[in-house]
Amino acid sequence: MLGIKFRGTYKMNFFVNALMQKQKSGIEHAELTRLRLFNQHDTPARIVLRNYDPVLHQTLKDDGVDEAQVINMFDYYQQTQATPFNPTKVKDLDFGVLNTTTEFEAEHHRYLVYTPQHQLVARVNVRDDTEEVTSTELFDGFNNLYRVDFYDIRGFVTLQQWYSPDNKIENEVWLTPAGVPVVHAFNRADVNGDISQSGWLLTPVNGQVFSFDTIDELFGHFLNQLNDDFWDDKQPNVFILDRSTIADYTMIHFRKPAYRVLHFHNAQASAQDPMHSIVNNNYEFDLSVMDQFDASITATKRQAKDIEARFHPRTPIFTIAVGVVPERLLNAPRVPVSDREFGKMVVFARVAPEKQLDDLVRALGIVHKDYPQVSLDIYGYADSTNNYEARRKVLEAAKEVGMEDQVQLKGYTTDIDTVENKAMMYGLTSVMEGFNLAIMEASAHGLISFTYDVNYGPNEIVEDKVSGRVTPYKDIPAMAEAIKQVLADKSLAQKYSDGAYDSSKRYAPDAVWREWQALLDEAQKRWPAKLAALPTAAEK
Amino acid sequence: MNYFVSESSYLFNSGTEHSQAKRTALFNAMGNEAKFVTRNYSRFLNRDLTREGLTQAEGLNMYDYFQGITEVERKEQPLRLLKQIPLDEYHLVSTNPNYTCMEHDGRPIAKINVMPATVGLIDNINYRDRFGHDVMRENFDWRGFKSSVDYFHQNGDLGTQLFLNRDGQPVIEITHMNIGKKVQPTMWKLLNYKGHSYRFNNENQMFLFFLNELMSQNPGSTIISDRRSLDPIIADVQNAAAKFAYFHDTHTPDVQAPVHGKLYDAYKLALEDRPEAFDAVIVPTEKQRADLAQRYPEDHFIAIPDTYVSSEQLAAGRAASSNREHRIIFSGRLAPEKQPEHAIRVLKKVLDQVPDAQLEFRGYASSDDEQKQLDEQVKTLAVEDHVTFGPYLAPTELPDRLKDSAVIVQTSREEGLGMNLIEAMAYGVVPVSFGITYGTNDLITDGVNGAIVAQNDDDAMAAKIIELLTNSDLWHKESKAAIAKAATYDAKTVYNAWDGILAKA
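In the order they appear, the protein sequences are chains A and B. When we follow my numbering, the leftmost residue of the first sequence carries the number -10, and every step to the right adds one. When we follow my numbering, the leftmost residue of the second sequence carries the number 2, and every step to the right adds one.
Just so you know, the hints here were simulated from the structure itself, not pulled from any lab data. One or more hints might be untrue.
Which residues of chain A face chain B? A partial, calculated answer using Cβ under 10 angstroms [to be verified]:
(1) R136
(2) V198
(3) Q474
Even for Gly, the Cβ is constructed at its ideal location relative to N, Cα and C.
Based on the sequences and whatever the hints tell you, model everything.
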């Protein structure tokens, strides 16, 4: 009954994540890149999302992602994976009260609906300056706010939050478009009186009813169901877990076999002391159960080596780049260094503490003394942590080295080609990285990269003295010296730029696909043994 | 269509529901379509109306109507065969015959109640969260399907009730929120009915909406209010061809002065506040009609009995054995106004002369206290071996007890008519009653087909019963006369009385 839409396709590669929001982190970018790669190679793939998101399908539309390739858990049970867009307008609402009047409150983007006796029936919240309803706050005939209904951007009530008599959210119910409750969450006090989400119930249309303590348990049930929906005796479903904490426990307890893969998107421990430091909390559990997964993925060889050395997993670690340099860039005409603005360095990064961009400014400050032409353009949102501390430190450093005019915070841009085809250099002075797509893209545009020797990504994407320079961590003078050498030697600059263009071929679609193919081959190779351990499957 | 309207039909019905059910059956038997209409949500309505001898098509409940489940064939649903329970995930542990625990890996996650008086049929499932709060309850109809879902507030009070159609879509919501400082139902919302939603502040508003729907669907319909609590709603119903209030009981507690005595409050609307809303008030006896007509000369009153005996009943009564045990039947609620304590005192006296006499109560106690008092009385008088408190019997079940009983006693303070007596008489049971308002004189001619004694005169009542139990010839003569009297309330006669007023209306 459930998931019937997907029957007919069989065997699937699932990319498991919590959400796909408008402002994406590296994990979501990596998944979308991977999805395109799988599509280009006619290999079935689905992004699987756990979190409720009433605007998901608009985001997918904006990102050009086919919604048929994304299975959100709530959509799945609400039977709304492929619901057409027909946004609910204020005039479409029916409160069951005759002859209501409506007043607009511009400052709150909402309408107030009254009975003829001027008793409040509802507050209707709308999207910005449109008539599209985002939620309705509903009142009974005795002035109690009893429920808030949330509307999916496609135009149906998707979530009802029922209120308690003392005005707290008590019961949450997700519905099919026909109004059938299918997922329930309850908020209750424990013995100490602290309120938290205390249980989930799944009541699918004509389906079996399940009770769960947490959303993680529900998600686990859902993943098992997907494994059943796409079950194929001949080949395994592959689950790539991109956001480990949401499903790592449940994936090592799957009911039926599948090929389950942990994807390390970030450093597993301190980049400077990977062998001994306390591990990244997000991966602590996973690193303890690696052998209960079938394989892991790192984006760099260096990270794979460090994990091997410290944790000795008996399951394979595949190194698969999370970035892909598109054919379009690989085939674009190369821009010689002489056509680029001399001394122009760019950075594409969030202006955040862990990026340490003030280090980069200080290195350029040293260079600036000999080469007054050097300048730095930083593209990216400023992180608000600690009252925009990172941005303040960048500006302070620029002032200190007398480069207020040459260091510019440009904000976020998508026009990377124009910027990177004009500039000469790219810089990176982060504490640590998981991969760093930006420096890969910089190389693909022929920029000469200068980076600290930090794990993981920068010191592998940048090949020292081939596509730029990898200088010791936190050694600002060393980086300044490396930059000066390049500025002083035109042929060296051209050599590194050529090297950058060439090195980016390592991330060509075919190259990255070969890495994936190796994993999929291994999954297939392991399948007969896994299947043999399952009596019911063996009998079929 | 004829709609006979009351609040509900119950496991233990009172005379009002019996009467209403019989009238429904009578009309339908005579080819004049009628329905027993009820307001309250009841998952057991099918069971209870079946026990009244009605078919599903003869009943019409508001919730059933909106849920689209007015006629669903019953299919017994054992809880252990419920498809929605994943038996590969949960254990069902039968704690006792009344409920079963659903456990996940040793932890209870739900309690499943068994439908009362069944073996293992599903009644409801109560799901609880990890803190042990009841959070959601799924309620099953007697006919074997999920009919409603309840959600609870933090403190365990009922929060939201959803009533479902057969596709599982909620069609009615009831919310329980604050009215002042008290949590109680604040809203009945009818969802997407014929394309629109309707919000009501109380159940009666929704009931009025429902009744108006019935009237517009079947123009020319007659509607009868059988419960005084519903008079205000039925008074507001629009587009009925005729509207009546049927009084099953006396209109005043002051039965000595029915023309001037203070009215029961519930009767004020039909008699004084809005008499114009009804075409007529119908009462079971000519005497009550005359009293009311004298009291309210402007208004229209009609007398039609609130019961009848079918030809099958009369045939069965005539065929019943005349060789009966010395059993005295008391049929009716064990409530203060019925004065069952008198019957026990009478029995004690009868036993002096008739040592094998038995008194059998058939009727439910109106309260635990009432039952307790009667039990104590039986003990004090040392008549334990001669008094039986039998389980409540539905109208379809009672005749078997009547058939071999000798006497029926009536010790009430007041009655509307005494349908229990008519039914007993149809089976040849001889009535002995206090002389009360109303009905006694309509039903009993003293010394011919039974006995009437002064109100609360236990000695006289005992003497009459002793005479009947010890004088076989007398009993046979009066028993025959009782059947003959019951026959004057035959279906055709009673229906003709109805037909006359419906034609006029």
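Practice item. Determine which of the earlier numbered hints do not hold for this structure and return their numbers in increasing order. Key: Hint check: 3 fails alone, others pass.
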